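Visitor: Each chain is listed here by its residues.
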Amino acid sequence: MKKEILSGNEAIARGAYEAGCRVACAYPGTPSTEILENTVNYKEIDSSWAPNEKVALEVAIGASFGGGRALCTMKHVGVNVAADPLFTLSYTGVNGGLVLITADDPEMHSSQNEQDNRNYAKFAKVPMLEPADSQECKEFTRLAFELSEQYDTPVMLRTTTRISHSKSVVTLDERVGGLAEPKLVKNAAKLVMLPGNARVRHPFVEERIKKLSEAGATMAVNRRELRDTSMGIITSGVCYQYVREALPDASTLKLGMVHPLPKALIREFAAQVDKLYVVEELDPFIEEQVRAMGIAVTGKELIPVCGELTPGRIRTAFGLQQPPADSGERLPGRPPNMCPGCPHRGVFFALNQLKAYVTGDIGCYTLGFMPPLSAMDTCVCMGASIGMATGVSKVVSAEEKKRVVAVIGDSTFLHTGINGLMDMVYNNSTSTVVILDNRITAMTGRQDNPASGFTLMDDPSHRIDFPLLCKSLGVKHIRVINPFDLEQTQNVLREEMERPETSVIITDKPCVLVKREGVFQKGPVYAVEVEKCTGCRACLKIGCPAIEWRPAGDGSKKGTAFIDPLLCTGCDVCRQLCKFEAIGRAK
Amino acid sequence: MNNRITNILLVGVGGQGILLAAEVLSEAVLLAGFDVKKSEIHGMSQRGGSVVSHVRYGTEVFSPIVPEGEGDILFGFELMETYRSLPLLKQGGAVVANDLRIAPPSVLMGQEAYPEGVTERIRERFPDFLLLDGQKLAGEAGNVRAANTVLLGAVSRRLDIEEQYWLQALEKMVPKKALEVNKKAFLLGRSSDWSKP
Chain R
-4 MKKEILSGNE
6 AIARGAYEAG
16 CRVACAYPGT
26 PSTEILENTV
36 NYKEIDSSWA
46 PNEKVALEVA
56 IGASFGGGRA
66 LCTMKHVGVN
76 VAADPLFTLS
86 YTGVNGGLVL
96 ITADDPEMHS
106 SQNEQDNRNY
116 AKFAKVPMLE
126 PADSQECKEF
136 TRLAFELSEQ
146 YDTPVMLRTT
156 TRISHSKSVV
166 TLDERVGGLA
176 EPKLVKNAAK
186 LVMLPGNARV
196 RHPFVEERIK
206 KLSEAGATMA
216 VNRRELRDTS
226 MGIITSGVCY
236 QYVREALPDA
246 STLKLGMVHP
256 LPKALIREFA
266 AQVDKLYVVE
276 ELDPFIEEQV
286 RAMGIAVTGK
296 ELIPVCGELT
306 PGRIRTAFGL
316 QQPPADSGER
326 LPGRPPNMCP
336 GCPHRGVFFA
346 LNQLKAYVTG
356 DIGCYTLGFM
366 PPLSAMDTCV
376 CMGASIGMAT
386 GVSKVVSAEE
396 KKRVVAVIGD
406 STFLHTGING
416 LMDMVYNNST
426 STVVILDNRI
436 TAMTGRQDNP
446 ASGFTLMDDP
456 SHRIDFPLLC
466 KSLGVKHIRV
476 INPFDLEQTQ
486 NVLREEMERP
496 ETSVIITDKP
506 CVLVKREGVF
516 QKGPVYAVEV
526 EKCTGCRACL
536 KIGCPAIEWR
546 PAGDGSKKGT
556 AFIDPLLCTG
566 CDVCRQLCKF
576 EAIGRAK
Chain D
3 MNNRITNILL
13 VGVGGQGILL
23 AAEVLSEAVL
33 LAGFDVKKSE
43 IHGMSQRGGS
53 VVSHVRYGTE
63 VFSPIVPEGE
73 GDILFGFELM
83 ETYRSLPLLK
93 QGGAVVANDL
103 RIAPPSVLMG
113 QEAYPEGVTE
123 RIRERFPDFL
133 LLDGQKLAGE
143 AGNVRAANTV
153 LLGAVSRRLD
163 IEEQYWLQAL
173 EKMVPKKALE
183 VNKKAFLLGR
193 SSDWSKP
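As they're listed, the protein sequences go chains R and D.
So the first sequence is numbered by this note's numbering: it starts at -4 and just counts up by one.
So the second sequence is numbered by this note's numbering: it starts at 3 and just counts up by one.
Source of the hints: derived by calculation from the structure; they are not laboratory data.
Hints may contain errors.
[Stated by the list, open to error] Subject to a maximum C-alpha distance of 30 angstroms in a straight line, what follows is the list of computed DSSO-like cross-link-like pairs (lysine-lysine):
#1 D/Lys138 to R/Lys517
#2 D/Lys138 to R/Lys(-2)
#3 D/Lys138 to R/Lys582
#4 R/Lys38 to D/Lys178
#5 D/Lys185 to R/Lys510
#6 D/Lys185 to D/Lys138
#7 D/Lys185 to R/Lys(-2)
#8 R/Lys(-3) to D/Lys185
#9 R/Lys517 to D/Lys179
#10 R/Lys(-2) to D/Lys186
#11 R/Lys258 to R/Lys117
#12 D/Lys178 to R/Lys510
#13 R/Lys389 to R/Lys117
#14 D/Lys179 to R/Lys(-3)
#15 D/Lys174 to D/Lys185
#16 D/Lys138 to R/Lys510
#17 R/Lys(-3) to D/Lys178
#18 R/Lys38 to D/Lys174
#19 R/Lys466 to R/Lys389
#20 R/Lys258 to R/Lys206
#21 R/Lys38 to D/Lys138
#22 D/Lys174 to R/Lys510
#23 R/Lys178 to R/Lys120
#24 R/Lys(-2) to D/Lys178
#25 D/Lys179 to R/Lys510
If you're wondering where the values come from, they're calculated on a predicted model, not measured in any experiment.
Generate coordinates for the entire structure from the input sequences, incorporating the hints supplied.
Guide: Okay, structure coming up:
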């Protein structure tokens, strides 16, 4: 049998392939993105990016109703967007198996919150599996498709960043055969959720979750390992690995299915050990349910609720080691930064200069809040910038209202920002919206979207025309600008901020990381003429990683700027900031 | 059963080829018959932020991350990041570092200074220390961008993995057109003088 080292995400894609999955649909989001970037390598799976998670799940639901096995993947906050179809999908159940991956992000490595999506499984009354390594990612994905069809339910599979992005050894199997061919079958009583039909389905849902809890007692994925019985630990996912590392002698009940809990098995395990613990990241999800069963258990009084666990944090929680001492030494931090030549930089520089109040959104441009650009004042969730601009404009004075600007990327605008713009026009808001169209979903690693002109499977596709789209929504003032032209950018922003009507400014330069031919073109490299540089530091105010301050070395505050020719893309922004004409094309 | 786990940490700045070096390392130990796990954080760190990759191998590996203070070898692609990660290493652990300073944003903007005497401070705490000019050796091999493979070659000296597995792993993970340069870079790193103090 072939063995490979796969990430959790690659293994989920492999599992979907082996399970005979036909359709995979997603909106990219860290740490889930690579699942679809891998299903696309299997020609048997139709893989696509949807404009948002709700549409992605609806595409998967359609595929399932049509009789095909379907996978839908998203990051934890994506499930908030897809929650509407999810909760009623629980009632309809499926035809072809449907598996929804939620990739949670304890520690918020790349997220705005660390919500625990196990709660969604309980809330929506659907089973949830939680793998503990890449081999389990593959096996559990296969199992999820089987359970989905066997119990007529969508199945959620939860990973965390450490599972999705860690690699471990996986044994590969073949794709299953013999699945029923998809075809249209009318079944309104099951699939049309009007009150009369839904009332019939609800008791089915309750019965289903009971049956799954009973079946959980003998499922191989719920595994009891008796070692020293003085201490018994219920755990799941990557926490199981940390427990084995930190407390190797303790007995464990490793739950592969975290909802519904296998109550009979938990009672048996609790009776076999002297003291029972739950080790879980984030919420006391298992702990509270065990306690509600009338079983004494210790959990969050020892284990932190915030952040991810590590073997060290578990040892510290159990009093086996001291928390690491702070040496008191401070090193310069190394936060992420916009790339050299990033088209967002000039826009945020101008917004800073104009003292705008910027309602921000989710993408690379969220980094515009960091110094020295420091030009973002809010960031809540995907698409929120536009609605928030409308709202803040409703309450502040007429003078302050002019300073309100919403900033949103192309992909985020199409995700859920467009509704905000409709509202802005409909309700006569006077705010200004900047659509930063860099022609790609950049933050998650350059995924195509409806405005990039290509699909996930690399087929050419219609490219949304933003000015035309905004016009059709009723926006009267639409300006397309070159964000590398600082004067134009600042002037257009000033004019539109002043205007007492909704206006949209669209930037039209691509992300420097787009590899597709003919999209991003590197310009001639720039250099500083040291004789002309007065050391005024004006060029440092854009925070370009290609520009470095070089101290004179005589202990004074003097120095000169230097442009790294390997990093410079020739965007020209720094040249426009230099009053002494010390920056020009390298000779 | 002897389940001694070897813990290796690779640290540096996004874009330095840390992920590829970690992949080749993982592949080589798998070929040598070990269980292996590797973990790192993607996402925001791609935009020039710090990167830490953990590789662990042995008979059976549980946690994909190295428990704090249990690293056997720290393998640094940039000096300040190497210094920052020293607490991950066990007492008496080994450090291989690339002689390269990459200024973070606050240093580029002249607001903070890049810390002085980093190499001396590393050697003081971890005498088993090899400092390599990865760029120079990679240049000798044919491409300065293969500095990551030079460092991997140096680390390979301390791991009980036969040379054939390293070369097979490079063949599997490195694109064909860059393979010869990377093999040369690896062997240059592997021939570096790194005897225990």
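Visitor: Does each hint hold? Answer for all of them.
Guide: Structure-based check of each hint:
The hinted pair formed by D/Lys138 and R/Lys517 meets the criterion: a straight-line CA distance of about 27 angstroms does not exceed 30 angstroms. Between D/Lys138 and R/Lys(-2), the direct Cα distance comes to roughly 37 angstroms. Violation of the 30 angstroms bound is thereby established for this hinted pair. Between D/Lys138 and R/Lys582 the CA atoms are separated by roughly 26 angstroms; this keeps the pair inside 30 angstroms, and the hint holds. With a CA separation close to 24 angstroms, the supplied pair R/Lys38 and D/Lys178 stays within the 30 angstroms bound.
Proposed proximity of D/Lys185 and R/Lys510 is supported: the alpha carbons are some 27 angstroms apart, at most 30 angstroms. Of the pairs offered as hints, the one joining D/Lys185 and D/Lys138 holds, with about 16 angstroms between alpha carbons and a cut-off of 30 angstroms not exceeded. A distance of roughly 24 angstroms separates the Cα atoms of D/Lys185 and R/Lys(-2); the hinted pair therefore holds under the 30 angstroms criterion. For the given pair, R/Lys(-3) sits about 26 angstroms from D/Lys185 by alpha-carbon distance, which is consistent with the 30 angstroms threshold.
Restraint check: the Cα-Cα separation between R/Lys517 and D/Lys179 comes to about 24 angstroms, which is no more than 30 angstroms; the hinted pair holds. Simply put, R/Lys(-2) and D/Lys186 have alpha-carbon atoms about 28 angstroms apart, close enough for the 30 angstroms limit, and the pair holds. For the hint pairing R/Lys258 with R/Lys117, the CA-to-CA distance comes to about 15 angstroms; that is within 30 angstroms, so the pair holds. Among the hinted pairs, D/Lys178 with R/Lys510 is consistent with the structure: their alpha-carbon atoms are about 20 angstroms apart, no more than 30 angstroms.
Proximity of R/Lys389 to R/Lys117 is assessed by CA-CA distance (about 38 angstroms); at most 30 angstroms being required, the pair is judged violated. Restraint check: the Cα-Cα separation between D/Lys179 and R/Lys(-3) comes to about 26 angstroms, which is no more than 30 angstroms; the hinted pair holds. Distance restraint check for D/Lys174 and D/Lys185: the Cα-Cα separation of roughly 12 angstroms lies within the 30 angstroms cut-off, and the hinted pair is therefore satisfied. For the suggested pair D/Lys138 and R/Lys510, the alpha carbons sit about 29 angstroms apart, so the restraint of at most 30 angstroms is met.
For the proposed pair R/Lys(-3) and D/Lys178, the alpha carbon gap of about 23 angstroms is at most 30 angstroms, so the pair holds. For a cut-off of 30 angstroms, the pair hint linking R/Lys38 to D/Lys174 stands: about 23 angstroms separates their Cα positions. The suggested pairing of R/Lys466 with R/Lys389 holds, with an alpha-carbon distance near 23 angstroms, which does not exceed 30 angstroms. Only pairs whose Cα atoms come within 30 angstroms are accepted, and R/Lys258 paired with R/Lys206 is accepted, the gap being roughly 11 angstroms.
Restraint check: the Cα-Cα separation between R/Lys38 and D/Lys138 comes to about 44 angstroms, which exceeds 30 angstroms; the hinted pair is violated. The straight-line distance between the Cα atoms of D/Lys174 and R/Lys510 is roughly 24 angstroms, inside the 30 angstroms bound, and the hint therefore holds. Pair hint R/Lys178 plus R/Lys120 holds up; C-alpha atoms about 28 angstroms apart against a cutoff of 30 angstroms. This hinted pair checks out: R/Lys(-2) and D/Lys178 have alpha carbons roughly 22 angstroms apart, not beyond 30 angstroms.
The hinted pair formed by D/Lys179 and R/Lys510 meets the criterion: a straight-line CA distance of about 19 angstroms does not exceed 30 angstroms.
When held up to the earlier numbered hints, the structure conflicts with 2, 13, 21 and fits the remainder.
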